[in-house]
Amino acid sequence: MALGQVSVNNLNLGQGEVTEIERYFLFIGPAAKNVGKLLALNTDSDLDGELGLPASDLKTQITAARANGGNRWACLAAPIGPEGEWAAALKTAQEQGFSVEGIFITKPVTAGAELEAMHAAAEALNNKYGRRAFVVAASAGLHPVQTWDEYLVEQKAIPAGIAAPRVVLVNQLHGNDLGVLAGRLANAAWSIADTPMRVASGPLLGLGPVPQDKDGVPLPSAIRAELDKARFSVSQTYPDYEGVYWGDANLLDTAGSDFQVLEHLRLADKAARQIRPLLIRRIGDRRLNNSPNSMAVNTNALMAPLRRMSKAAKFAGEVFPGEIEAPKDGDLVLVWKSRTKVEAFLKIRPLNCPKDLTANIALDLSQDDQE
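Going by the numbering used here, the sequence shown opens with residue 1, and the numbers climb by one from there.
Keep in mind that the hints were calculated from the coordinates and are not lab data. In this text, a Cβ means the ideal position worked out from N, Cα and C, and glycines have one as well. Hints may contain errors.
Claimed, not checked - Taking lysine to aspartate or glutamate pairs in the DMTMM-like style, the calculated list, with each CA pair at most 20 Å apart, reads:
| no. | residue 1 | residue 2 |
| --- | --- | --- |
| 1 | Lys-156 | Glu-226 |
| 2 | Lys-107 | Glu-154 |
| 3 | Lys-355 | Glu-325 |
| 4 | Lys-33 | Asp-46 |
| 5 | Lys-311 | Glu-325 |
| 6 | Lys-33 | Asp-44 |
| 7 | Lys-91 | Asp-46 |
| 8 | Lys-311 | Asp-331 |
| 9 | Lys-311 | Glu-22 |
| 10 | Lys-156 | Asp-194 |
| 11 | Lys-355 | Asp-213 |
| 12 | Lys-355 | Asp-240 |
| 13 | Lys-37 | Asp-48 |
| 14 | Lys-347 | Asp-329 |
| 15 | Lys-341 | Asp-285 |
| 16 | Lys-156 | Asp-213 |
| 17 | Lys-156 | Asp-248 |
| 18 | Lys-314 | Asp-331 |
| 19 | Lys-37 | Glu-83 |
| 20 | Lys-311 | Asp-285 |
| 21 | Lys-229 | Asp-356 |
| 22 | Lys-355 | Asp-194 |
| 23 | Lys-37 | Glu-95 |
| 24 | Lys-229 | Glu-154 |
| 25 | Lys-347 | Asp-258 |
| 26 | Lys-347 | Glu-150 |
| 27 | Lys-314 | Asp-194 |
| 28 | Lys-214 | Glu-154 |
| 29 | Lys-37 | Glu-85 |
| 30 | Lys-229 | Asp-329 |
| 31 | Lys-229 | Asp-258 |
| 32 | Lys-33 | Glu-22 |
Stated by the list, open to error - Restraint ranges, calculated between C-beta atoms of paired labels, are given here:
| no. | residue 1 | residue 2 | range |
| --- | --- | --- | --- |
| 33 | Leu-279 | Lys-311 | 43 to 51 Å |
| 34 | Gly-243 | Leu-11 | 53 to 61 Å |
| 35 | Asn-10 | Ala-87 | 24 to 32 Å |
| 36 | Thr-254 | Glu-150 | 25 to 33 Å |
| 37 | Thr-299 | Gln-212 | 35 to 43 Å |
| 38 | Pro-350 | Ala-304 | 37 to 45 Å |
| 39 | Asp-285 | Arg-307 | 41 to 49 Å |
| 40 | Pro-321 | Val-8 | 39 to 47 Å |
Produce the complete structure using the sequences and hints provided.
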């Protein structure tokens with residue numbers, strides 16, 4: 001004998017979106033107020049009230065970031081004292097559960113060991129919390145008693161021989177260069193796949209005055225070029241073209257690396273953030289098994305973030321490309337290493353981007369034959 005039973009269950013298939021943290025940054029640096037606290041700031045925030053008076057290094061950089069960050073700009077700020085440590089502020093932010101894409105440290109570095117420590121801290125975030133982040137470090141601007149040649153020698157020595165693939169180093173040549181770059185990277189009007197070099201993004205806003213050395217020589221383009229070769233990230237101008245723009249956001253990676261510019265790292269990190277929760281949901285779930293049907297279904301599901309990242313839009317006859325090229329068959333492969341261990345291999349393709357353009361002009365002096 002038995003009694004009839006009916007049950008209706010809601011099945012969670014894990015098809016929702018993963019929260020994005022791209023363009024949300026943490027600023028750490030000396031300020032006059034709220035030292036030791038974490039502040040959430042946006043375009044409406046009173047920076048004098050939050051960070052105090054008089055002007056501070058942290059407030060100067062955040063002001064520049066807000067000016068360049070667009071109408072959706074927001075950030076976290078961690079004020080520290082003049083002798084405070086950025087590492088302690090970063091640890092506090094992480095322990096309180098704040099996830100950010102980038103960490104901007106406004107106190108200038110003076111030695112390569114500091115850059116290595118910043119890279120190690122970024123790697124530790126991934127190891128401990130599964131959070132991927134890059135670090136942008138400041139380097140001091142020109143001292144009034146220096147010539148440009150003296151400044152160049154001093155600065156090139158800082159990153160020399162350093163491998164720190166998650167660190168960008170910015171000269172504070174105009175006093176707020178780090179903040180300006182932060183705003184350019186945070187602006188939602190363009191993609192994280194775009195280089196800050198992109199001229200179509202418009203000129204830099206609120207960049208500080210052009211520095212002069214002790215002989216009164218204004219910042220030469222040759223100094224910018226040499227700093228870029230030394231893997232600093234600097235502003236740039238184009239002769240007879242109005243406005244000041246940016247160069248590449250160079251990472252302190254080794255020669256020949258895939259991640260020498262920040263836009264490549266941002267794309268890989270975004271893909272990793274999107275894939276990770278999908279992998280976590282599959283732990284202990286026998287719906288992922290080595291049968292052909294399961295492998296096909298799960299491969300297709302794990303490729304969904306890549307398809308979203310590649311989605312383009314066409315408007316008024318112009319194509320606005322996605323962040324990466326559309327994934328192809330074989331761009332995601334699942335490999336069973338044992339009965340309980342699965343390894344996923346993913347391939348993402350950044351789109352080509354013109355950074356060095358040349359026009360070749362030829363004269364046509366031939367004459368058409370006339371009858």
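For each hint, the structure was consulted:
Straight-line distance between C-alpha atoms of Lys-156 and Glu-226 comes to about 9 Å, which keeps the hinted pair within the 20 Å bound. For the hint pairing Lys-107 with Glu-154, the CA-to-CA distance comes to about 17 Å; that is within 20 Å, so the pair holds. A threshold of 20 Å between alpha carbons decides the hint, and for Lys-355 with Glu-325 the separation of about 19 Å falls inside it, so the pair holds. Restraint check for Lys-33 and Asp-46: the C-alpha separation of about 12 Å stays at or below 20 Å, so the hint holds.
For the given pair, Lys-311 sits about 8 Å from Glu-325 by alpha-carbon distance, which is consistent with the 20 Å threshold. With a C-alpha separation of about 18 Å, the suggested pairing of Lys-33 with Asp-44 holds against the 20 Å cut-off. Note on Lys-91 and Asp-46: the hinted pairing is violated, with a Cα-Cα distance of about 26 Å set against a maximum of 20 Å. For a cut-off of 20 Å, the pair hint linking Lys-311 to Asp-331 stands: about 16 Å separates their Cα positions.
Of the pairs offered as hints, the one joining Lys-311 and Glu-22 holds, with about 17 Å between alpha carbons and a cut-off of 20 Å not exceeded. At roughly 27 Å between alpha-carbon atoms, Lys-156 and Asp-194 are farther apart than 20 Å, so this suggested pair is violated. Taking the CA atoms of Lys-355 and Asp-213, the gap is about 30 Å. The hint is violated against a cut of 20 Å. Among the hinted pairs, Lys-355 with Asp-240 is consistent with the structure: their alpha-carbon atoms are about 18 Å apart, no more than 20 Å.
A hinted pair counts as satisfied when its Cα atoms are at most 20 Å apart, and Lys-37 with Asp-48 qualifies at roughly 15 Å. Simply put, Lys-347 and Asp-329 have alpha-carbon atoms about 10 Å apart, close enough for the 20 Å limit, and the pair holds. The suggested pairing of Lys-341 with Asp-285 holds, with an alpha-carbon distance near 12 Å, which does not exceed 20 Å. Taking the CA atoms of Lys-156 and Asp-213, the gap is near 17 Å; set against the 20 Å cutoff, the hint holds.
This hinted pair checks out: Lys-156 and Asp-248 have alpha carbons roughly 17 Å apart, not beyond 20 Å. Pair hint Lys-314 plus Asp-331 does not hold up; C-alpha atoms about 25 Å apart against a cutoff of 20 Å. A hinted pair counts as satisfied when its Cα atoms are at most 20 Å apart, and Lys-37 with Glu-83 qualifies at roughly 16 Å. A distance of roughly 30 Å separates the Cα atoms of Lys-311 and Asp-285; the hinted pair therefore is violated under the 20 Å criterion.
A hinted pair counts as satisfied when its Cα atoms are at most 20 Å apart, and Lys-229 with Asp-356 qualifies at roughly 15 Å. Between Lys-355 and Asp-194 the CA atoms are separated by roughly 11 Å; this keeps the pair inside 20 Å, and the hint holds. In summary, the hint linking Lys-37 to Glu-95 is supported, as the alpha carbons are separated by about 13 Å, within the 20 Å threshold. Distance check on the hinted pair: Lys-229 and Glu-154 sit about 14 Å apart at the alpha-carbon level, within 20 Å; holds.
Pair hint Lys-347 plus Asp-258 holds up; C-alpha atoms about 13 Å apart against a cutoff of 20 Å. Of the pairs offered as hints, the one joining Lys-347 and Glu-150 is violated, with about 44 Å between alpha carbons and a cut-off of 20 Å exceeded. A hinted pair counts as satisfied when its Cα atoms are at most 20 Å apart, and Lys-314 with Asp-194 qualifies at roughly 18 Å. Between Lys-214 and Glu-154, the direct Cα distance comes to roughly 15 Å. Compliance with the 20 Å bound is thereby established for this hinted pair.
A distance of roughly 13 Å separates the Cα atoms of Lys-37 and Glu-85; the hinted pair therefore holds under the 20 Å criterion. Between Lys-229 and Asp-329 the CA atoms are separated by roughly 38 Å; this puts the pair beyond 20 Å, and the hint is violated. For the hint linking Lys-229 to Asp-258, the alpha-carbon distance of about 17 Å falls within 20 Å, and the restraint holds. Note on Lys-33 and Glu-22: the hinted pairing is violated, with a Cα-Cα distance of about 28 Å set against a maximum of 20 Å.
For Leu-279 and Lys-311, the hinted distance range of 43 to 51 Å is not satisfied, since their beta carbons lie about 22 Å from each other. The hinted window of 53 to 61 Å between Gly-243 and Leu-11 holds, with their beta carbons roughly 55 Å apart. A hinted range of 24 to 32 Å is violated for the C-beta pair Asn-10 and Ala-87, which are about 45 Å apart. Separated by about 28 Å at the C-beta atoms, Thr-254 and Glu-150 satisfy the suggested range of 25 to 33 Å.
The hinted window of 35 to 43 Å between Thr-299 and Gln-212 is violated, with their beta carbons roughly 59 Å apart. For the hinted restraint 37 to 45 Å between Pro-350 and Ala-304, the CB-CB distance of approximately 19 Å leaves it violated. Separation of Asp-285 from Arg-307 is about 22 Å and departs from the stated range, judged on CB atoms against 41 to 49 Å. In this structure, Pro-321 and Val-8 meet the distance hint of 39 to 47 Å, their C-beta atoms being roughly 44 Å apart.
The earlier numbered hints that this structure contradicts are 7, 10, 11, 18, 20, 26, 30, 32, 33, 35, 37, 38, 39.
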